[in-house]
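Student: Spelled out from the first residue to the last, the chains are:
There are 2 protein chains.
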Amino acid sequence: MNTPFRPGLTGSRLDRADQIRVKDELLDEVRGNLRARLLKLNDLDPEINPDGTLVWGSMADRPDDAELLFLGLDDGIPCFAPLIENQPPAGQRAYAVWRHLDIMPPEEASTYAAARSLIEWHRGHLFCSRCGTRSALSKGGWGRKCPECNAEHFPRVDPVVIMLATFEDKALIGRQPLFPPDRYSALAGFVEPGESLEGAVTRELFEEAGVRATSVRYLTSQPWPFPNTMMMACIAPVEDDALTLDTEELEAAKWVTRAEVQGAYDGAVDAAFIAPPHFAIAHTLLRAWVDGK
Amino acid sequence: MNTPFRPGLTGSRLDRADQIRVKDELLDEVRGNLRARLLKLNDLDPEINPDGTLVWGSMADRPDDAELLFLGLDDGIPCFAPLIENQPPAGQRAYAVWRHLDIMPPEEASTYAAARSLIEWHRGHLFCSRCGTRSALSKGGWGRKCPECNAEHFPRVDPVVIMLATFEDKALIGRQPLFPPDRYSALAGFVEPGESLEGAVTRELFEEAGVRATSVRYLTSQPWPFPNTMMMACIAPVEDDALTLDTEELEAAKWVTRAEVQGAYDGAVDAAFIAPPHFAIAHTLLRAWVDGK
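Chains as they are written, first to last, in the UniProt record's numbering: chain A, 1 to 293; chain B, 1 to 293.
So that you can see chain A by itself, here it is in the shape it has in the complex (with noise of 0.2 Å):
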């Protein structure tokens, strides 16, 4: 497919097959297939080989206590995750799992994506939250169903706008208080009922930062499974540069210019920040606007 953007953790090889996940008979095939492959993990981190790929054991490796995630189909080959479903979700903050990310090739990223993604939504949804019942995994993973109220329930995704506003030739940029020193990134924020993507955007700016966004312009998305999101990137030019800042969503902002950007880029020793890993839409989102895209 012709993109003119790259984001980190897009392009898995896997064919979803979601035709599979409707039919028990189907998916009886795909768990009995001798050639099928499970992902290994470590809990939700990934095992990778030294170029970076996903390690896959066999059916075999299954624990006693997993069921399957059917994943979907790499060339023909059935592949799963296991779920272990009595651990607690981990959750937003997984900084251990980016020193993987850095040496993963993006289509392996986002095969792991998916697979982590399911895993926790699994975990933080063992109950039905129509009645309260325990549900049981449905559809080969890609879904949940009550036995007392017959409610089915499907993994959430959760759309996030992640956004660079800009005045004249500079862009604004933030850091949160848990970040790295150092690093910052483009701002964020959940879309919420009842919004659009531009309408989040110009919300979020104006409460993060104080700005007015004058237009917005999507670019790209990718998924980030810290646990469940869709980023999706923006630039919005805004109406002045003054700043009023949320402090308890940012510990600090302010505008850089394409050489501070760049310069970042470049790992300078008198670079004006730390970049956003390259895996990271932020990445991608800067980088195009350095580039004029």
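Just to be clear, a hint being listed does not mean it is correct.
A pair counts as met if it fits within one copy or between any two copies, since identical chains are not told apart.
[Stated by the list, open to error] Quick list of in silico lysine to aspartate or glutamate cross-link-like pairs, DMTMM-like style, CA-CA up to 25 Å:
no.	residue 1	residue 2
1	139	158
2	139	251
3	293	241
4	139	246
5	293	107
6	145	85
7	145	291
8	145	246
9	40	15
The hints are simulated quantities; they were obtained by calculation from the structure and are not laboratory data.
Here the structure is a predicted model, which is why all the values come from computation and not from measurement.
Since the structure of chain A is already known, use the hints to place chain B on it.
Tutor: Then chain B, alone, in the frame of chain A:
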């Protein structure tokens, strides 16, 4: 804000005032404000004035068994929606309310969309999905908290892609079995865990119609409160026009020309199909394609 598109259900006048949600004393203040307004609803459907604007009552109209959802401030006036919890969620099908949406200004429908989605979310999420305990409304209605395991839950927004596959001078429209007679629309589907927006468009077009996207261009978005999606409209040129339909998702699909879409919008007696209503983003999307945007 400058925007080339004006989808329905966008542009609410309300300031969501998120700083109020998180402070009990501020919530008490807006609840006690004598000018505060309560949205008038018939169960989930809006009461509307002859000009299509929403009807608001005073806080004295609050039903005894209703909790309050703080929608935001309208020119400083606190606005609420009533939540009667013990009603089943209505879910996806809600054609009755379309009569109202037909005459509501987009910014009024936008306010209504937020209220409806929030109410629906609470009704479907009364119990903690982590431990099964009955949870309690929090953050003025923008969350629920479990008294047992302390898990916090936030209203879900399901990202949905809606896309026009194009080939040469034609665009692909389809109809679901439950559509009114002769109604066609753009193809659509939920974004799944581990997917980008572009990945979801590509997968859905192939799953539903057997066509392969060569690129994906995002146009615009809207909230859709049946029950809680954000619709993101895209145009995707495809490799060829041979169709392989998933007949469980689509009853029929066909390629139409710009003149045929224009005929549908004009309500021509020999129109090729009945167009989506003006407040649905499929309408905006087809319009944009006809206009060459």
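Student: Run every hint past the structure and note whether it holds.
Tutor: Hint check results:
no. : hint      : in the structure
1   : 139 / 158 : both (21 Å within a copy, 19 Å between copies)
2   : 139 / 251 : between (43 Å within a copy, 23 Å between copies)
3   : 293 / 241 : within (22 Å within a copy, 31 Å between copies)
4   : 139 / 246 : between (42 Å within a copy, 18 Å between copies)
5   : 293 / 107 : within (23 Å within a copy, 32 Å between copies)
6   : 145 / 85  : both (15 Å within a copy, 22 Å between copies)
7   : 145 / 291 : neither (48 Å within a copy, 45 Å between copies)
8   : 145 / 246 : between (41 Å within a copy, 24 Å between copies)
9   : 40 / 15   : within (19 Å within a copy, 47 Å between copies)
Checked against the numbered hints above, the structure violates only hint 7.
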